[in-house]
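Asks: So the chains spell out like this:
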Amino acid sequence: MDYFFIIDFVQSLADGLLFGTTYALIGIGFTLIFGVMRKLNLAYGAAALAGTYVGLGLFLTFNAPPFVVFLASAIGAGLIGLVVYYCCFRFTPEAHPMASLLASVGMLLFLEEMMTHVSHGMPHPYPSVLSGATLELGDIWIRGDLLFVFGICVVAMALLFWLLYRTPLGLATRAVSQQPRAAQLCGIDSARVNALTFVIAGVLGGTAGAMTAAAVGILSPIIATGLTVKGLIVVVIGGLGSIPGAIIGGLLVGAAENIFLLLRGVTERDIYVMLLLFLFLTLRPGGLFGSAATRD
Amino acid sequence: MLEIRDIHTSYGKIAALKGVSLDIADGGLTCLLGPNGAGKTTLIWTIAGILKARAGSMKLDGEEIAGLRAPQIVGKGIVTVPENRLVFPEMTVRDNLIAGSFSRRKDKGGVARDLEEVLERFPRLRERANQDAGTLSGGEQQMLAVGRALMARPKILLMDEPSTGLAPIIVEEIFQIIGQLRDEGKTIFLVEQNAHMALDYADHFYLLEQGHVTFGGVPGEVDHDELIQRAYLGARKAS
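Those sequence lines, one after another, are chains A and B.
At position 295 of the first sequence (counting the first as 1) the number is 295 in this note's numbering, and the numbers step up by one without a gap.
At position 222 of the second sequence (counting the first as 1) the number is 222 in this note's numbering, and the numbers step up by one without a gap.
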């Protein structure tokens with residue numbers, strides 16, 4: 001194997017791992033919602049992107065600075081997450097899990113349609129940070145904007161862990177996800193915890209959407225499907241319900257995607273990512289950290 | 001004092017409680033006996049606000065509490081130790097206990113004092129304070145479930161089948177804890193299959209059969225053997 005190939009390989013791996021943190025955030029969002037409600041919210045990726053469009057709106061209308069745009073994307077996605085909760089989950093009967101699942105599919109299509117309508121189906125410029133800078137480690141060049149994306153996603157995860165393990169709200173969230181009935185008997189209002197979880201997951205998704213757009217400098221409505229599918233692949237690999245699983249899964253998908261890109265080109269990349277999904281579903285359907293099956 | 005009057009609870013079209021009335025007196029152990037399927041757990045879930053009564057009234061010191069949701073019931077001081085313990089398996093013993101104090105989380109000093117008190121009461125929980133609750137034995141989980149309920153500073157403690165699935169020697173220990181709580185003046189409503197044990201500790205008892213309270217009294221004033229037979233087998237005994 002020649003030297004340049006190894007350099008290319010390591011370079012792809014590094015870029016993939018850095019960008020994989022956005023997939024990890026999306027995976028964490030799916031997992032958080034599933035954790036407290038035992039229900040899949042298929043509108044999650046679209047809601048995250050819709051929030052990113054809120055940020056874009058500020059950018060295009062007021063030429064808002066990047067950090068304001070990113071923050072607005074995160075908060076916007078959090079609020080849209082709350083709307084999704086009330087429309088698709090809050091009032092659908094517990095006994096009919098299909099009702100909320102299909103409602104979330106409807107919401108996915110609705111949000112996609114809205115974004116296509118608002119953006120006229122065209123890509124728009126989205127602010128990025130440190131896009132010119134590079135960090136040179138020998139022959140490996142790390143893009144500044146990817147480092148920024150990585151940094152923001154890591155901060156978002158750290159904040160989530162602080163929230164989950166250091167605050168009363170986090171304790172309540174963990175309690176509801178592990179034993180919802182007992183949580184109620186402890187005086188925890190599970191409906192409120194569910195609503196807040198949708199907001200928190202939404203904020204993480206909006207952050208991921210903002211960072212995805214910032215990494216390429218462009219926001220397009222067509223990536224809603226990509227975010228949804230990648231997020232689902234991440235949770236299948238990591239194990240639905242496991243946050244560490246979502247992080248590892250995200251990094252793995254990010255890295256694998258870039259390696260496939262290097263070896264097989266951009267047109268075949270997603271084919272191999274899908275094959276990876278089927279490989280996991282067949283050989284390890286519970287994922288790497290599967291916890292969903294162990295619940296009583 | 002909790003006065004329960006003519007409570008009806010159904011699962012869909014199936015009536016589980018068909019007009020239950022009983023009193024839970026302050027500072028004593030009231031015990032509810034009855035065979036499987038009589039509706040004992042349904043009554044606990046109804047008082048706790050998890051199930052909604054179709055009709056009837058529940059008055060806590062004169063205040064109507066029927067129709068309140070579970071977190072509000074906890075706020076009123078009625079706290080449940082559920083059947084099968086239902087601890088939070090992937091949370092530490094300490095976090096399980098702190099979760100129990102959720103309804104009064106603003107009172108940080110009080111919560112810290114109560115945590116210390118519960119760990120004092122159950123030394124085995126202190127030893128395992130940083131261990132995940134899922135790794136505890138059945139008896140330890142039962143202690144944790146009791147400790148978690150105490151963290152809410154209950155006026156009335158509802159206990160649903162605390163002896164289920166435990167070895168006899170552990171059951172003995174659990175009942176000693178219940179007796180100790182009663183001696184401290186706590187108000188306890190105990191639902192039990194283990195009628196022998198329950199009657200040893202109860203100040204007052206009721207018998208629930210097929211969704212009705214069919215009998216009530218003070219242990220010692222009645223023929224225990226007859227009562228225990230009905231508690232296990234129901235009214236339509238063959239003998």
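Everything labelled a hint here was simulated from the structure, so no lab data went into it.
C-beta atoms are modelled at their ideal positions from N, C-alpha and C, and glycine is treated no differently.
A few of these clues could be false.
Stated by the list, open to error - From the structure, some residues in chain A lie toward chain B, with a derived Cβ separation under 10 Å:
| # | residue |
| --- | --- |
| 1 | R90 |
| 2 | L185 |
| 3 | A191 |
| 4 | N194 |
| 5 | A195 |
Asks: All the hints need checking, so say for each whether the structure fits it.
Replies: Checked hints:
At its closest, the beta carbon of R90(A) sits 15 Å from a beta carbon of chain B; the interface hint therefore is violated under the 10 Å criterion. For L185(A), the suggested interface contact is upheld, since its CB lies about 5 Å from the closest CB of chain B, less than 10 Å. With 10 Å as the threshold, the beta carbon of A191(A) comes within range of chain B, its nearest partner Cβ sitting at about 9 Å, so the hint holds. Checking N194(A) against chain B by beta carbon gives a least distance of about 13 Å; that is not within 10 Å, so the hint is violated.
With a cut of 10 Å, the hint placing A195(A) at the interface with chain B is violated, because the nearest CB-to-CB distance is about 14 Å.
Taken one by one, the earlier hints fail for this structure at numbers 1, 4 and 5, listed in ascending order.
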